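Peer 1: Sequence:
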Amino acid sequence: MYQHSQPGILLRVLMVSGIVVLLVMGAYILRIATADGILQQQEQNALLSLMGGIFMMAFALLLIHNLTATVDLEGVRISYGIGIINRRIRHQDISQCSPVKNPWWWGFSIRKIPGGWMWNVSGLSAVELKLKNSRVFRIGTDEPEMLAAAIRERLTSQ
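According to numbering that gives the first Met the number 0, the sequence shown holds residues 0 to 157 in order.
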């Protein structure tokens with residue numbers, strides 16, 4: 000019924016910049032090492048550490064580079080990046096939904112907020128789901144009106 004992915008532009012820029020910095024550091028270490036002719040143990044350790052950092056940042060980027068919200072017949076599914084980190088909220092567990100603005104100090108990512116949880120990758124716009132168990136769940140999106148309308152449509156058709 001509805002599916003939209005919001006890119007985490009700032010996150011992507013920061014992660015890719017970090018990877019580039021680590022690659023430049025590795026190239027510098029290799030340049031110094033090749034001037035001597037052999038890689039010393041310290042240089043080998045530094046290169047291994049840099050490679051580990053590059054791998055971890057690239058993996059994290061795959062995991063959280065965007066946030067996708069999907070509304071289907073069963074509920075609302077929210078997933079980060081390639082989908083390993085995800086959550087499903089059944090329509091029958093939702094009592095209300097409305098577009099909201101998150102305070103800037105709440106930041107981004109998966110956060111505990113007053114009364115519940117927030118999943119956000121960029122910007123301040125979100126849709127707040129009030130759940131029947133009195134908790135709230137906020138979904139960050141750059142299409143809050145469209146996401147809220149899709150959820151409300153499913154809630155009224157049940």
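A portion of the hints provided could be inaccurate.
[As the list claims (entries may be wrong)] Within a straight-line C-alpha distance of at most 30 Å, the following computed DSSO-like cross-link-like pairs (lysine-lysine) qualify: (1) Lys100 - Lys131; (2) Lys111 - Lys131; (3) Lys129 - Lys100; (4) Lys111 - Lys129; (5) Lys111 - Lys100.
Everything labelled a hint here was simulated from the structure, so no lab data went into it. Values in this document were obtained by computation on a predicted structure and should not be read as measured data.
Peer 1: Hint by hint, note whether the structure agrees.
Peer 2: Hints, verified against the model:
1. Lys100 - Lys131: Measuring from Cα to Cα gives roughly 22 Å; hence the hint holds.
2. Lys111 - Lys131: holds (18 Å)
3. Lys129 - Lys100: holds (15 Å)
4. Lys111 - Lys129: This hinted pair holds, its Cα atoms lying about 15 Å apart.
5. Lys111 - Lys100: holds (16 Å)
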